[in-house]
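Taking the hints into account, I'd like the entire structure generated from these sequences.
If you count the sequence shown from 1, position 5 lands on 5 in the UniProt record's numbering, and the numbers rise without skipping.
Misleading hints may appear alongside valid ones.
[As the list claims (entries may be wrong)] Below are the EDC-like pairs computed for lysine to aspartate or glutamate, each with C-alpha atoms no more than 20 Å apart in a straight line:
hint	residue 1	residue 2
1	Lys46	Glu75
2	Lys58	Asp11
3	Lys30	Asp11
4	Lys78	Glu47
5	Lys58	Glu75
6	Lys31	Glu52
7	Lys46	Asp82
8	Lys58	Glu47
9	Lys20	Glu47
10	Lys20	Asp82
11	Lys31	Glu47
12	Lys78	Glu39
13	Lys58	Glu96
[Claimed, not checked] Using C-beta positions, here's what the derived DEER-type ranges look like:
hint	residue 1	residue 2	range
14	Thr38	Gly94	26 to 36 Å
15	Val40	Ala83	25 to 35 Å
16	Pro68	Leu88	13 to 23 Å
It is worth saying that the hints were derived from the structure and are not from the lab.
Virtual Cβ for every residue (Gly too), placed ideally from N, Cα, C.
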Amino acid sequence: ERNGAEPGEGDLVLFDVSKKEAAVPQTNFKKMIRKLRTEVQCGINKEPLTAERLREAKLVVFAGPREPFSGEEFEAMKEYIDAGGSILIMIGQGGEARYPTNV
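Structure (structure tokens):
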């Protein structure tokens, strides 16, 4: 069990699909994941974000979230970033006006 240590000690790149992302890892990032797996582990998150889940990852990727994040999820992401974690959020052309998210 992890005890609040640095994010990503296990070198996990976590792709989130909990917000009905426009791009999904299994199809849109297949080649990238294949290359990443030579250096790091890749995982998929389907559940609401928690600080514990985020701490497992070195990088968390959001590929076009289409649902809003809860206050608890934003707090978990802030805690993760403050502890040194990295987040990549991609959103399509048109930004929040086109995608119903609150990033």
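**Q.** Violated constraints from the hint list, given by number and in increasing order
**A.** Violated hints (numbers, rising): 6, 7, 10, 11, 12, 13, 15; every other hint is consistent with the structure.
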